[in-house]
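Number of protein chains: 2
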Amino acid sequence: MSNPDEGTLLTDLYQLTMLQAYFDQGMADTAVFEFFVRKLPAGRNFLVAAGLEQALDYLEGLRFTPDELEWLAHCGRFHQPFVDSLADLRFTGEIHALAEGTVFFPNEPLLRVVAPLREAQLVETRLINLLQFQTLVASKAARVRLAAGDKVLADFGMRRAHGAEAALLSARASYIAGFNGTSNVRAGMRWGIPLSGTMAHSFIQAHDQELEAFAHFARSHPQTTTLLIDTYDTEAAARALPPLVRTLAAEGIRIQAVRIDSGDLGNHARQVRAILDAGGAQGIKIFASGDLDEYGVRALLESAAPIDGFGVGTRMNTCADHPYLECAYKLQEYAGVARRKLSEGKANWPGRKQVFRRHDAAGHLAGDTLTLETGHPPGTPLIAQVMSGGRRLAPSPTLDQVRDYAQGQLASLPPALRQLEAGPAYPVAVADTLRELARQVDAKRQ
Amino acid sequence: MSNPDEGTLLTDLYQLTMLQAYFDQGMADTAVFEFFVRKLPAGRNFLVAAGLEQALDYLEGLRFTPDELEWLAHCGRFHQPFVDSLADLRFTGEIHALAEGTVFFPNEPLLRVVAPLREAQLVETRLINLLQFQTLVASKAARVRLAAGDKVLADFGMRRAHGAEAALLSARASYIAGFNGTSNVRAGMRWGIPLSGTMAHSFIQAHDQELEAFAHFARSHPQTTTLLIDTYDTEAAARALPPLVRTLAAEGIRIQAVRIDSGDLGNHARQVRAILDAGGAQGIKIFASGDLDEYGVRALLESAAPIDGFGVGTRMNTCADHPYLECAYKLQEYAGVARRKLSEGKANWPGRKQVFRRHDAAGHLAGDTLTLETGHPPGTPLIAQVMSGGRRLAPSPTLDQVRDYAQGQLASLPPALRQLEAGPAYPVAVADTLRELARQVDAKRQ
Numbered sequence: 001m002s003n004p005d006e007g008t009l010l011t012d013l014y015q016l017t018m019l020q021a022y023f024d025q026g027m028a029d030t031a032v033f034e035f036f037v038r039k040l041p042a043g044r045n046f047l048v049a050a051g052l053e054q055a056l057d058y059l060e061g062l063r064f065t066p067d068e069l070e071w072l073a074h075c076g077r078f079h080q081p082f083v084d085s086l087a088d089l090r091f092t093g094e095i096h097a098l099a100e101g102t103v104f105f106p107n108e109p110l111l112r113v114v115a116p117l118r119e120a121q122l123v124e125t126r127l128i129n130l131l132q133f134q135t136l137v138a139s140k141a142a143r144v145r146l147a148a149g150d151k152v153l154a155d156f157g158m159r160r161a162h163g164a165e166a167a168l169l170s171a172r173a174s175y176i177a178g179f180n181g182t183s184n185v186r187a188g189m190r191w192g193i194p195l196s197g198t199m200a201h202s203f204i205q206a207h208d209q210e211l212e213a214f215a216h217f218a219r220s221h222p223q224t225t226t227l228l229i230d231t232y233d234t235e236a237a238a239r240a241l242p243p244l245v246r247t248l249a250a251e252g253i254r255i256q257a258v259r260i261d262s263g264d265l266g267n268h269a270r271q272v273r274a275i276l277d278a279g280g281a282q283g284i285k286i287f288a289s290g291d292l293d294e295y296g297v298r299a300l301l302e303s304a305a306p307i308d309g310f311g312v313g314t315r316m317n318t319c320a321d322h323p324y325l326e327c328a329y330k331l332q333e334y335a336g337v338a339r340r341k342l343s344e345g346k347a348n349w350p351g352r353k354q355v356f357r358r359h360d361a362a363g364h365l366a367g368d369t370l371t372l373e374t375g376h377p378p379g380t381p382l383i384a385q386v387m388s389g390g391r392r393l394a395p396s397p398t399l400d401q402v403r404d405y406a407q408g409q410l411a412s413l414p415p416a417l418r419q420l421e422a423g424p425a426y427p428v429a430v431a432d433t434l435r436e437l438a439r440q441v442d443a444k445r446q
Numbered sequence: 001m002s003n004p005d006e007g008t009l010l011t012d013l014y015q016l017t018m019l020q021a022y023f024d025q026g027m028a029d030t031a032v033f034e035f036f037v038r039k040l041p042a043g044r045n046f047l048v049a050a051g052l053e054q055a056l057d058y059l060e061g062l063r064f065t066p067d068e069l070e071w072l073a074h075c076g077r078f079h080q081p082f083v084d085s086l087a088d089l090r091f092t093g094e095i096h097a098l099a100e101g102t103v104f105f106p107n108e109p110l111l112r113v114v115a116p117l118r119e120a121q122l123v124e125t126r127l128i129n130l131l132q133f134q135t136l137v138a139s140k141a142a143r144v145r146l147a148a149g150d151k152v153l154a155d156f157g158m159r160r161a162h163g164a165e166a167a168l169l170s171a172r173a174s175y176i177a178g179f180n181g182t183s184n185v186r187a188g189m190r191w192g193i194p195l196s197g198t199m200a201h202s203f204i205q206a207h208d209q210e211l212e213a214f215a216h217f218a219r220s221h222p223q224t225t226t227l228l229i230d231t232y233d234t235e236a237a238a239r240a241l242p243p244l245v246r247t248l249a250a251e252g253i254r255i256q257a258v259r260i261d262s263g264d265l266g267n268h269a270r271q272v273r274a275i276l277d278a279g280g281a282q283g284i285k286i287f288a289s290g291d292l293d294e295y296g297v298r299a300l301l302e303s304a305a306p307i308d309g310f311g312v313g314t315r316m317n318t319c320a321d322h323p324y325l326e327c328a329y330k331l332q333e334y335a336g337v338a339r340r341k342l343s344e345g346k347a348n349w350p351g352r353k354q355v356f357r358r359h360d361a362a363g364h365l366a367g368d369t370l371t372l373e374t375g376h377p378p379g380t381p382l383i384a385q386v387m388s389g390g391r392r393l394a395p396s397p398t399l400d401q402v403r404d405y406a407q408g409q410l411a412s413l414p415p416a417l418r419q420l421e422a423g424p425a426y427p428v429a430v431a432d433t434l435r436e437l438a439r440q441v442d443a444k445r446q
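Top line first, the protein sequences correspond to chains A and B.
For the first sequence, position 283 (counting from the first letter as 1) is numbered 283 according to our numbering, and the numbering increases by one without interruption.
For the second sequence, position 93 (counting from the first letter as 1) is numbered 93 according to our numbering, and the numbering increases by one without interruption.
Please keep in mind that the hints were generated in silico from the structure rather than gathered at the bench.
Just so you know, these numbers come straight off a predicted model, no measurement behind them.
Hints are supplied without guarantee of correctness; some may be wrong.
Copies of the same chain look alike in the list, so a pair counts if it fits in one copy or across any two.
Said to hold, decoys possible - Straight-line distance between alpha carbons at most 30 Å, and here's what the computed DSS-like set of lysine-lysine pairs gives:
1. Lys-285 <-> Lys-341
2. Lys-285 <-> Lys-39
3. Lys-341 <-> Lys-151
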């Protein structure tokens, strides 16, 4: 995602200090780590997995550059034999994971790493960094999609996303979750995500007359023009449109839509719709933007505001109401022995785990069972191996395949989970075999 | 920051569609845009400017790559003469800005761009993306510094930062705001930010015995060991330490600190301090982490918890209580004529602006005046030119110089602004000349 030459030192210092201790002690057995979310953000009913594609890219590209090794050798914290040992470090392990787009719940592993200890440890920071953010955004954007029904949704949030990578990855994650497109041009070029855009207030302001600005833009984009009409007076701009639409139509130019970006969006939309319809411009759609999230979209649609599409930015891209997930990447097994930590409020289930999911007759999610990899409760297993020997087992699905799969997942949510407010917790049972393993691990520590 | 070959298409689609319309109309006069924050996040008293360095890097490197031009030519939205015109696009303008580390307030421009229209328009998205995020984090981290007094503060937030760039830039911004270091190794390599790190629970878990893990780590890092003591039972781990400390001391190894990462941090710190002191290990410091922000740090210090340093992560790096700033990049002048938009709730002051700041006898901030660039109210002007012809006028200050300057700025906050809760708004007067210009601009539009 970022410059690949920066990738491997994108980690916490303690990963490297621990690696030196492992090196000094010759600790090089196989480690098993799992990444999972501890609990849902307040008010949420489910999560949507995303970020696996970038995680696999990262693992396949893992290596220290000569510059990095040189810096490590001279930073005063590491001895030369250890630094030398890093030169040939690659990721050689196995990955098991939920497919991107899968609906999942707390304590269900999103990803399992099985690799020599130093590899599995080193990658912790960046794996969490990649997986938690896209999962966070996909889970938020899915709520916007559920609120919006079949209205058009465009990601407009690059400017207030937290840096370039956040902008790109939130465009990707929101598309997976059901957005129709993004304004982020690089995301369009990189992943083929449909691009969406209108015009800025500055375009209007740079002209002496608003109507002249509209005409100039339309003549430069004869088939894809959306006019921003709130720079000075929204309804006045709408009233001026029908004559312009007729003039432009005579030149073969079609105005697709208007955008409203300020004030009471629902009220403006109703007035603008009436003005446009009365002027014979029934074909022009209304697009709304400005501080929207799932609640804003729902309120506008519940008020029957005649809005055809929404630009959703900042609040979705930053997940403004809960901008992080309580998640962890934890050692579950080392050298063949199951492990778990017991820190207050942060204990986790040991061992290599699998999730089995049941559906009801209507095809809705009916309950999951968290069990050991070797378990066979009723249902369909969700976690599949995707990498062996540090290489993907198969080409990744296309982004549109992932998006289609995610839309199927959202369609399988039972009505209670589709609500924006928190409903009864989805049932995730913990298998007896897993409870028994936890008891054994704890008993060994006494 | 990110791969430079990705930089120029890191923009909103509408910047490019507007550029084509400007191209078609031959609109190429000088434009003046300013970036400012509309209002403070709830409960805040001030902001700290950050991100200028990366903004200037971006502007100096602005260019379309052949791959980008090829993509633009074939994406179906742009005509060839326009795409051809982009090949030689560089940023050739002037930048005036607040120095990084400056305390500032709503409506005070953080940055002004004076450039040919297409250049000034194109750069909007990425400039906002770079400036708002670092300013957001520096402003949050400054509050943590004010709450922490002279205690050690380390940025531990890479894993839940929103991607790689957010992790790097939040390490930088928090260091400017007064943090002592970061766990982010790449940030240390890139900017010389002091690195900080301890060990993960997985290190303890990978060993059969906690004490063996402690000894292994200490022998690999004889002068920089902080032991994580909450994996199983915090006080039990503390009780086992004094004998280990004596054993290691005989080998010339010094344990610097212990870290507590779960439970009631204040209560654990008191118990651990007593245990260590009773065991003769008075020299070992206590480091605390886990869900901390400025409020958590203040509560622990007010309770007199014997904590010497704090690891602050997620809530600072994501600015969890308000993960974005209400900010805008607005056209203030085009072709020599002042402009402003009037959208409801979003009107702004037109023209090229300057901020003059007054101090009281104690050296504390006493009031600002927002005026035209040509104004001369009492006080010291804050906005200075830093770029001409698309190139920096002088080498940038070092990061430590910026950090020192920022610490001086925080020291100049009057007591009411230093509180974590919102006090009376800091006085920012608007000069009569600016009000008069706004009246003239509006009158012209009637």
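Hint-by-hint comparison with the structure:
1. For a Cα distance limit of 30 Å, the shortest separation of Lys-285 from Lys-341 across copies, 24 Å, qualifies, whereas the shortest one inside one copy, 56 Å, does not.
2. Within a single copy, Lys-285 and Lys-39 get their C-alpha atoms no closer than 40 Å, and across copies no closer than 32 Å, so neither meets the 30 Å cut-off.
3. In this homomeric assembly, Lys-341 and Lys-151 come within 30 Å of each other (Cα to Cα) only across copies, at 29 Å, whereas the closest approach inside a single copy is 46 Å.
Checked against the numbered hints given earlier, the structure breaks only hint 2 and satisfies all the rest.
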